[in-house]
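Engineer: Here are the chains, one letter per residue:
Protein chains: 2
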Amino acid sequence: MARTNDPEGLRQRLVDAAYVAFTTRGYHSSAIHDLKREAGVTGGALAHHFPTKKALGLAVIQDRVAEAVETTWIAPVRVATTTADGIQAVFATIVSELERKGAVSGCPLNNLALELSREDEAFQAAIEAIFLRWRTAIADKLRADLRAARIDDFDPDAMATLVVAAYSGAMAMAKASQSVVPLTVCAEQLTSILQNRTSQ
Amino acid sequence: MARTNDPEGLRQRLVDAAYVAFTTRGYHSSAIHDLKREAGVTGGALAHHFPTKKALGLAVIQDRVAEAVETTWIAPVRVATTTADGIQAVFATIVSELERKGAVSGCPLNNLALELSREDEAFQAAIEAIFLRWRTAIADKLRADLRAARIDDFDPDAMATLVVAAYSGAMAMAKASQSVVPLTVCAEQLTSILQNRTSQ
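Residue numbers (my numbering), protein chains in the order written: chain V, 62 to 261; chain L, 62 to 261.
Treat the hints with care, as some may be off.
The list cannot tell twin chains apart, which means a pair is met if one copy fits it or any two copies do.
Unchecked claim - Using 25 Å as the maximum straight-line C-alpha spacing, the simulated SDA-like pairs for lysine to any residue come out as follows:
(1) Lys114 with Asp214
(2) Lys162 with Glu249
(3) Lys114 with Ala200
(4) Lys114 with Glu189
(5) Lys97 with Ala153
(6) Lys114 with Ser90
FYI, nobody ran anything at the bench for these hints, they're computed from the structure. Quick caveat: nothing in here was measured; it's all calculated off a predicted structure.
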């Protein structure tokens with residue numbers, strides 16, 4: 062392979078290839094020599110940017126997985142009129158993307174959390190930080206709903222934890238059944254629960 | 062290693078060792094030669110009972126993982142007075158077990174579902190069958206609550222899906238944070254949601 066004068070582009074290609082591999086095939090199942098081929102980089106370039114597989118794993122979590130949660134969940138919830146609307150919109154987008162792809166590979170964050178959290182403290186801390194930002198964004202939106210008197214008084218942090226848990230679990234069930242049904246069912250249930258608590 | 066005259070005991074030891082390995086370290090991360098050592102069996106004995114790693118994986122899912130879901134979830138929900146009581150009892154038992162062990166390795170079913178569902182149809186079917194039995198047991202209990210007029214009219218199958226999803230996701234978050242807090246929070250939220258819908 063030719064030398065490149067674009068080290069940042071090369072680093073991005075590596076992280077992109079590793080993101081796809083780690084969140085679908087799994088971290089341990091992804092061989093470094095396959096990643097080099099998929100990213101089109103030499104072993105020397107890989108070693109320059111990521112001296113260890115763990116360094117590449119951390120970059121995938123801190124850059125790409127964090128970005129995926131931001132784009133998929135945090136931003137749409139923030140701009141929605143209410144939390145219920147935001148949740149409905151997020152699930153609807155995810156369901157239509159899965160239907161377009163014809164396959165459910167699961168939630169990138171949960172796939173990596175289940176594989177890597179227990180084996181390494183740096184992985185665990187990086188994953189936990191993303192879960193925290195995700196829950197906090199939903200809880201903040203619920204607090205805004207409360208202030209606007211759109212919903213009854215309940216614990217926004219606890220409800221945010223339930224929303225994240227229900228989504229993560231529904232995605233695992235969707236992956237197991239290769240069907241979006243668990244996601245559409247949970248979206249309806251969560252929306253209905255939040256709407257039942259809406260002040261009239 | 063000596064020959065054994067207890068082929069069934071030997072098979073059990075293999076499935077036991079593989080259950081622990083596959084649901085904690087992961088299926089792909091568990092080397093066959095480690096499993097032989099952990100179970101104390103020869104390669105010949107292993108090949109006799111399980112000609113392939115996949116056959117051993119299927120036995121783990123169909124025997125041990127199904128049994129774990131039956132013991133942990135289905136049986137306690139069935140004998141509880143109401144679904145809400147059952148859910149509370151299940152979460153309380155799991156939380157105290159995790160606190161005793163001092164570590165969260167996650168839900169055996171979800172760990173394997175996320176690792177294996179997409180790569181093999183036999184794994185996927187076996188995992189999906191367990192999710193279905195689990196959801197059905199909770200939905201049946203909710204229907205019994207409805208018949209006894211203890212709860213308002215809502216869709217028992219949809220609510221059962223939400224309960225399973227919330228538990229699975231809470232366990233993934235508990236694993237990521239090595240803390241039982243997501244489980245206790247989701248247990249309170251689910252119980253409160255079911256109780257809010259209780260007829261007075």
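Engineer: For each hint given before, does the structure comply? Return the numbers of the non-compliant ones in rising order.
Structural biologist: 1, 3, 5
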